[in-house]
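Engineer: Sequence:
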Amino acid sequence: CGTSYTVKSGDTCSAIESSTGVSDATLHALNPSINSGCTNLQIGQVLCISSGSGCTKTYTVVSGDTCSAIESRTGVSDAQLHAMNPSINSGCTNLQIGQVLCVS
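Just so it is clear: in the sequence shown, position 59 is 59 by full-length UniProt numbering, and no numbers are missing.
None of these hints come from the bench; they were simulated from the model.
Glycine included, every Cβ here is placed at the ideal spot set by N, Cα and C.
Careful, some of the hints might be misleading.
Computed spacing ranges between beta-carbons, pair by pair [claimed, not checked]:
| id | residue 1 | residue 2 | range |
| --- | --- | --- | --- |
| 1 | G75 | P32 | 21 to 31 Å |
| 2 | D24 | N89 | 18 to 28 Å |
| 3 | G64 | G37 | 14 to 24 Å |
| 4 | T39 | G75 | 24 to 34 Å |
| 5 | G75 | S36 | 11 to 21 Å |
| 6 | T56 | K8 | 33 to 43 Å |
| 7 | S72 | G2 | 16 to 26 Å |
| 8 | V46 | S18 | 14 to 24 Å |
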């Protein structure tokens with residue numbers, strides 16, 4: 001698994017897909033334990049959201065994080081952060097607490 005996501009309270013497949021930028025087909029293909037109706041997610045369950053995009057180091061978003069704060073903490077540039085995490089919008093307004101980002 002290249003990038004993972006930890007299920008939190010209230011998560012649905014569509015919410016996970018939206019926050020991570022992964023398609024429904026990819027989410028199910030990488031996580032065959034998820035049933036077709038996506039009714040068996042468990043809080044704390046770790047899902048694979050990419051098969052191995054070359055990501056060697058991840059960062060989990062915490063409350064109050066911004067792209068610049070993450071870039072400072074991890075030493076990546078804004079361009080690198082967005083290139084490795086295409087689900088982050090250009091204004092960096094869609095970070096989600098618990099979201100796992102690729103930083104290397």
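Engineer: Work down the list of hints and note, for each, if the structure agrees.
Structural biologist: Results of checking the hints against the structure:
1. For the hinted restraint 21 to 31 Å between G75 and P32, the CB-CB distance of approximately 36 Å leaves it violated.
2. Checking the proposed 18 to 28 Å range against D24 and N89 shows it holds: the Cβ atoms sit about 20 Å from each other.
3. For the pair G64 and G37, the supplied restraint of 14 to 24 Å is violated, since their beta-carbon distance comes to about 35 Å.
4. Between T39 and G75 the CB atoms are about 40 Å apart, so this pair departs from the stated range of 24 to 34 Å.
5. A beta carbon spacing of about 41 Å between G75 and S36 contradicts the range 11 to 21 Å that was offered as a hint.
6. Between T56 and K8 the beta carbons are some 24 Å apart, a value that contradicts the proposed interval 33 to 43 Å.
7. Judged by the Cβ atoms, the range 16 to 26 Å given for S72 and G2 holds: they are separated by roughly 24 Å.
8. Between V46 and S18 the Cβ separation comes to about 19 Å, which falls inside the hinted range of 14 to 24 Å.
Violated hints, in rising order: 1, 3, 4, 5, 6; the structure is consistent with all others.
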